[in-house]
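Next come the chains, spelled out residue by residue.
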Amino acid sequence: MNIIQIVGFALTCALLLVLVRRGSAPLGLLLAVGASGVILTAVVSHLPPILDALNELADRAGVQMLYIRTIFQVIAVAYIVDIGAQLCSDVGEGALAKNIQLAGKVIILVMAVPIIIAVADVIIDLLEQVGGGL
Amino acid sequence: MDPEMVSLVIQIAAVGLLVAVLQIVLEQAGKGEWAMAVTVAGLIVVMFSLVELITSLFDAVRTMVQF
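Line by line, the protein sequences are chains H and C.
Residues in the first sequence are numbered consecutively from 1, following my numbering.
Residues in the second sequence are numbered consecutively from 135, following my numbering.
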């Protein structure tokens with residue numbers, strides 16, 4: 001991991017951001033978006049081995065692929081929402097940031113519905129078994 | 135980190151600084167309306183160059199989590 005490269009890039013961008021923001025705030029926002037895009041792209045390229053390992057682990061444990069995929073999607077949505085909201089609140093648009101967070105929560109809930117139903121199914125099955133045993 | 139993308143971000147910063155300087159010069163020359171136009175032009179140029187970067191990032195994330 002070229003972490004020193006990433007941190008150096010981020011610090012350089014922060015320095016430039018302070019300069020650009022003083023001139024024009026909108027361009028500062030775009031610069032922040034670009035910088036986070038570059039850093040995220042650099043990080044994302046390191047992720048596939050980890051995801052493969054987790055997939056294999058889940059496969060070995062007999063967890064359904066659908067659930068693992070949903071969890072990855074939820075994590076991705078959470079990170080994207082968090083960065084978007086932070087960028088919005090950095091330029092002083094707190095209300096917009098809250099809206100983004102709300103949208104993220106709703107979307108995560110929608111994506112998690114199959115998992116919630118599966119958990120409910122398991123609990124109902126368990127209760128029925130216990131009830132039958134008594 | 136992709137050097138091409140890094141240079142893109144540095145370019146954005148350069149455009150930002152250029153726009154800031156132009157803004158100050160134009161305001162001093164008493165051409166406030168042109169200063170606004172320069173800002174908007176810089177914004178649009180930067181936006182177009184950013185679209186590519188964001189698209190590639192979202193594509194990478196999308197293929198990874200299989201949206």
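Hint data in this document are derived by calculation from the structure and do not stem from the laboratory.
Note that beta-carbon positions come from the ideal geometry of N, C-alpha and C, so glycine has one too.
Take these hints with a grain of salt, some might be off.
Output of the computed footprint for chain C on chain H, the stretches with three or more beta carbons under 8 angstroms from beta carbons of chain C [unchecked claim]:
no., region
1, 56-63
2, 82-91
3, 94-100
Label pairs and their computed distance ranges (CB to CB) [unchecked claim]:
no., chain 1, residue 1, chain 2, residue 2, range
4, C, Ser190, H, Leu127, 22 to 28 angstroms
5, C, Thr189, H, Asn2, 19 to 25 angstroms
6, H, Ile4, C, Glu138, 47 to 53 angstroms
7, H, Pro49, C, Gln162, 53 to 59 angstroms
8, C, Ser190, H, Leu96, 23 to 29 angstroms
9, H, Ile4, C, Gln162, 40 to 46 angstroms
10, H, Gln129, C, Ala194, 42 to 48 angstroms
Which residues of chain C face chain H? A partial, calculated answer using Cβ under 7 angstroms [to be verified]:
no., residue
11, Ala147
12, Val153
13, Leu156
14, Leu160
15, Val172
16, Val195
Outcome of the hint check:
1. 56-63: The restraint on the region 56-63 of chain H is violated, since only 0 of its residues have a Cβ under 8 angstroms from chain C and three are required.
2. 82-91: That given contact is violated, which follows from only 0 residues of the region 82-91 of chain H lying within Cβ reach (below 8 angstroms) of chain C.
3. 94-100: Per the Cβ count (0), the hint is violated.
4. C:Ser190 x H:Leu127: 22 to 28 angstroms: The hinted range 22 to 28 angstroms is violated for C:Ser190 and H:Leu127, with Cβ atoms some 49 angstroms apart.
5. C:Thr189 x H:Asn2: 19 to 25 angstroms: For C:Thr189 and H:Asn2 the Cβ distance comes to about 24 angstroms; the hint holds.
6. H:Ile4 x C:Glu138: 47 to 53 angstroms: 20 angstroms, violated
7. H:Pro49 x C:Gln162: 53 to 59 angstroms: 56 angstroms, holds
8. C:Ser190 x H:Leu96: 23 to 29 angstroms: 25 angstroms, holds
9. H:Ile4 x C:Gln162: 40 to 46 angstroms: For C:Gln162 against H:Ile4, whose Cβ atoms are near 42 angstroms apart, the range 40 to 46 angstroms holds.
10. H:Gln129 x C:Ala194: 42 to 48 angstroms: 45 angstroms, holds
11. Ala147: 4 angstroms, holds
12. Val153: 6 angstroms, holds
13. Leu156: 9 angstroms, violated
14. Leu160: Because about 12 angstroms separates C:Leu160 from the closest Cβ in chain H, which is outside the 7 angstroms limit, the hint is violated.
15. Val172: 9 angstroms, violated
16. Val195: 6 angstroms, holds
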